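S.K.: Top to bottom, those sequences are chains G and L.
If you read the first sequence in the numbering used here, its first letter stands for residue 1, the second for the next number, and so on.
If you read the second sequence in the numbering used here, its first letter stands for residue 176, the second for the next number, and so on.
These are calculated hints, taken from the structure and not from any lab test.
Among the hints, erroneous ones may be present.
[Stated by the list, open to error] Which bits of chain L does chain G cover? Going by a derived footprint, with three or more residues having C-beta under 8 Å, they are:
hint, region
1, 205 to 215
2, 247 to 254
3, 287 to 295
4, 305 to 319
[As the list claims (entries may be wrong)] Cross-link-like lysine-lysine pairs, in silico, PhoX-like; alpha carbons within 25 Å at most:
hint, chain 1, residue 1, chain 2, residue 2
5, G, Lys118, L, Lys351
6, G, Lys153, L, Lys332
7, G, Lys158, L, Lys375
8, L, Lys312, G, Lys118
9, G, Lys112, L, Lys351
10, G, Lys101, L, Lys275
11, L, Lys275, G, Lys153
12, L, Lys202, G, Lys158
13, G, Lys101, L, Lys355
14, L, Lys312, G, Lys158
15, G, Lys118, L, Lys354
16, G, Lys118, L, Lys355
17, L, Lys355, G, Lys158
18, L, Lys355, G, Lys153
19, G, Lys158, L, Lys377
20, G, Lys174, L, Lys354
21, L, Lys300, G, Lys112
22, L, Lys374, G, Lys158
23, L, Lys300, G, Lys132
24, G, Lys132, L, Lys351
[Stated by the list, open to error] Looking from chain G toward chain L, a few residues come up when the C-beta cut is under 10 Å (computed):
hint, residue
25, Glu91
26, Phe129
27, Ser133
28, Gln162
If you're wondering where the values come from, they're calculated on a predicted model, not measured in any experiment.
By construction, the Cβ of each residue, glycine as well, lies at the ideal position given by its N, Cα and C atoms.
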Amino acid sequence: MDWCEFIAEEEIVEIIPNFKYDKQLNLISGDFGPFLPSVPVKVPLWLALNLQRQHKCTIVVPQWIQELQRLQEAQENSDTLIEMPSECWREIMHLFREQCKSMPNYSSLIEKRESILKSSVHALFRHAFESKSLFLTDVTLHNVSRGELQLLKSFVQKSFAQFQALRNVYVYSKQ
Amino acid sequence: MAASGANGGRVPSDFAAIDDIVALSKKVSCRFVKSVARLGFIDQSADCEHVAEGTQLELPLWMAKTLAARGLITVDPPKGYNQIYREILDADASVVDLHKLGPHFYAFGGHLVAMNAPEGEEIAKSLVHTFHQRLHKIMDFSLNASEDTPFELHAFKNNLDSCELELFEEGSNCLKDVKKWEHRTLDQICANDMVVSLKKRKRAMMACSERMATDS
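Chain L on its own, in the form it takes in the complex:
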C-alpha cells in the first residue's frame, strides 16, 4: 500500500479486497534499466546473484509496482492495454471478451495507470471509453433480460469483466425482486431447497431399507 500511498492514493483500491489482490498478482513483462545487486533470486532461470541491466522478466504487478517506483524497471503494457487492443476497444468494446483479458481488466488497468506506466493516459482513456460503451448493454441486458433466452444471456455474461459481472448481478437481482413483488411470491412461504432434497433422501433411504427387509 505504501507504493500507491506515495503517489497520492490515486486508485481507489482496497488493500484487503480479494479482487484487488488477484488483479495485482497478474504478471507483466518488465525490463530492468539498471543492474541490481543481490536481486538474482527473482530470476530463477539465471544462476546469478545480481540482476543485470536489460534483463527481461515476467513479474507480478505488485512487485513491478515497487520496482518501477524506484526507477529500476520499465513495464510494457500487456495484452489488452497496448495500442492494438486500445484501437479494438475504441472501435467496438462490446464484442471483446474482457473476462479472457482480465478477469479484473479495470482493476489491473487502474493499477497500471497509477504506476506511471508508459502510455498511461491513453490506457486510462481507453478504460473509461470501454466501460462507458459496455455499460449501456449491461444495463439493458440485466434490467430487461427474461428467462426466455438463457443461452444468449450466458454467452453475454461470459464476456464480462468481474466488476461488470457484479453490476450485472446487481441489476438482475433488482429485477427479480420487483418481479417477485409483482407476482406476490414474496409472502408465500415455501420449503427450503435443502429440506426438499432432504426429504427425497429420506424417501430413498426408506425405500432402500424396505427392499433390504424384503430381501432378508
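Isolated chain G (complex conformation):
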C-alpha cells in the first residue's frame, strides 16, 4: 500500500507559491516552474506537499475532490463501480486529508466500492464453480484502482490458484 502511495505522489496538482524561483526544475517526470508568488503552477504532488510543509505554497484542491459528494451519490445509486476521476484517488485523498482538515467525509464511498469489489470476487468464484471446463473466458472488472485492489489481490490470487488446482484434479478424474 505504501508504494501505491509513492506512485500516487506523481500525480500533478496545482499550487500557488508564495516564493520566487525564476528557473525551471528539471525532474525525471518533467520540467516544473518557474515559481512566482501567487501565480498558479502545476507540480507533482510530492513536491507540493513538501513545499506546503515549509509554508511556501498553498495547494489548490482539485476539482474532483470538491465534487466528491456528487461522486459519492453516483456510486450509491450504482451497482457497479463508477469511473473515478483519478487512478489513485484513494491515496491522493488520504494525503490531502492530512494536509487540510476540512475534507468531506468519504468513508462511505470507500466502503461501498469495497463491498462491490468483494461481491464481484464472490461472483467470480461462483462463475468458476459453475463452468464446466477449466478455462474461464471474459473475466473483466472495470474502473477499479490500484489502491483498492491491494486489499484483495494476493488473497484472490492464491485462493483462485488453489481452486483451479482442485478443479484440475476433478476434470482429470472424469477422463
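Since chain G is already given, all that's left is putting chain L on it; use the hints.
M.R.: Chain L in isolation, oriented as in the chain G frame:
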C-alpha cells in the same frame, strides 16, 4: 514422484513441500488383492515372510500409492472421503472441522484421486464443492474480521484445513497492511519487541543486584 509422474503428474504437488510430505504420510486402510512374496515385513503383527491375499493393513499413502499402481492392493476411501462424509460436506461444508479430518484435507484428497482410488470422481467433485462452499466464508472472515470478536475468530480458524488457513492468514495480513497504511503506523519507528523485553530484563537484573548490595 515416479508414481505420480506415471499418471501424467495430475496433482500439482511439490515433491519437497513439507505439507505434501505430511499429507502423504497419513495412513489409509488397504486390502491386498494378490499375495506378495517377501513383503511380510510391512505387516508387523504377522510373523510371515510373505503377505497373503486378503490381508488388511493400514499403510501410509505414499506406500499405498506405489502398491496400488502395480495393482497389488485396493484402497478404501478413509473417513472424510467416504460416501457418508461426502453427503455431509455437500449439505453444509462450512460446519465441518476439516482440521480434524485433515489437516491436509485437500492435498490428501488430491493424491487419493490421482491414484485412481474407487469413487475418485465423486471424491474430486466433493473436494471442489467443499472448497467453494467454504471459501466465501473464509474470505468474509479474513477480509472483514476485526479484533472485536477474538473468540469467534479463533473458533473459526480452528476448523480450517492447512491450505485454507494459509489463505486466511494471507487475507488478514492484507487487511492489516491496509489498516496500517490508513492509520499511518507504517512510517512510525517503534522499538523491536525483543529490545523492549531486553530492557525489562535489564531493569529486573539491576533491581536484583541492588537488593543484593543492600543485603550485604
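S.K.: A separate judgement is required for each hint: does it hold in the structure or not?
M.R.: Verification of the supplied hints:
Counting residues of the region 205 to 215 of chain L whose CB lies closer than 8 Å to any CB of chain G gives 0, so the stated coverage by that chain is violated, three being the minimum. Under a criterion of three residues with beta carbons nearer than 8 Å to beta carbons of chain G, the stated coverage of the region 247 to 254 of chain L fails, only 0 such residues being counted. Evaluation of the coverage hint for the region 287 to 295 of chain L: fulfilled, as 3 residues show C-beta separations to chain G shorter than 8 Å, against a requirement of three. Coverage of a stretch by a chain is defined here by at least three residues with a beta carbon nearer than 8 Å to that chain's beta carbons; for the region 305 to 319 of chain L and chain G the count is 9, and the condition holds.
Annotation: proposed proximity of Lys118(G) to Lys351(L) holds, straight-line Cα distance about 17 Å (limit 25 Å). Under the criterion of a C-alpha separation no larger than 25 Å, the hint pairing Lys153(G) with Lys332(L) is consistent with the structure, at around 21 Å. In summary, the hint linking Lys158(G) to Lys375(L) is not supported, as the alpha carbons are separated by about 41 Å, beyond the 25 Å threshold. With a C-alpha separation of about 12 Å, the suggested pair Lys312(L) and Lys118(G) falls inside the 25 Å cut-off, and the hint holds.
For a cut-off of 25 Å, the pair hint linking Lys112(G) to Lys351(L) stands: about 19 Å separates their Cα positions. A C-alpha spacing of about 52 Å is found between Lys101(G) and Lys275(L), which places the hinted pair above 25 Å, so the restraint is violated. Straight-line distance between C-alpha atoms of Lys275(L) and Lys153(G) comes to about 30 Å, which puts the hinted pair past the 25 Å bound. About 28 Å separates the Cα atoms of Lys202(L) and Lys158(G), which puts this hinted pair outside 25 Å; it is violated.
Restraint check for Lys101(G) and Lys355(L): satisfied, since their Cα atoms lie roughly 20 Å apart, inside the 25 Å limit. Restraint check: the Cα-Cα separation between Lys312(L) and Lys158(G) comes to about 16 Å, which is no more than 25 Å; the hinted pair holds. Proximity of Lys118(G) to Lys354(L) is assessed by CA-CA distance (about 17 Å); at most 25 Å being required, the pair is judged to hold. For the hint pairing Lys118(G) with Lys355(L), the CA-to-CA distance comes to about 20 Å; that is within 25 Å, so the pair holds.
Under the criterion of a C-alpha separation no larger than 25 Å, the hint pairing Lys355(L) with Lys158(G) is consistent with the structure, at around 22 Å. A distance of roughly 17 Å separates the Cα atoms of Lys355(L) and Lys153(G); the hinted pair therefore holds under the 25 Å criterion. In summary, the hint linking Lys158(G) to Lys377(L) is not supported, as the alpha carbons are separated by about 44 Å, beyond the 25 Å threshold. Between the alpha carbons of Lys174(G) and Lys354(L) the distance comes to roughly 45 Å, so the proposed pair goes past 25 Å and is violated.
Annotation: proposed proximity of Lys300(L) to Lys112(G) is violated, straight-line Cα distance about 35 Å (limit 25 Å). Simply put, Lys374(L) and Lys158(G) have alpha-carbon atoms about 40 Å apart, too far for the 25 Å limit, and the pair is violated. Restraint check: the Cα-Cα separation between Lys300(L) and Lys132(G) comes to about 12 Å, which is no more than 25 Å; the hinted pair holds. This hinted pair does not check out: Lys132(G) and Lys351(L) have alpha carbons roughly 36 Å apart, beyond 25 Å.
This hint holds: Glu91(G) has a C-beta 9 Å from the nearest C-beta of chain L, less than the 10 Å allowed. Interface restraint check: Phe129(G) against chain L, minimum CB-CB distance 5 Å, threshold 10 Å, status holds. A distance limit of 10 Å between C-beta atoms decides the matter here; for Ser133(G) the minimum to chain L is near 13 Å, and the interface restraint is violated. Checking Gln162(G) against chain L: minimum C-beta separation of about 6 Å stays under 10 Å; hint holds.
Against the hints set out earlier in the document, violations occur for numbers 1, 2, 7, 10, 11, 12, 19, 20, 21, 22, 24, 27.
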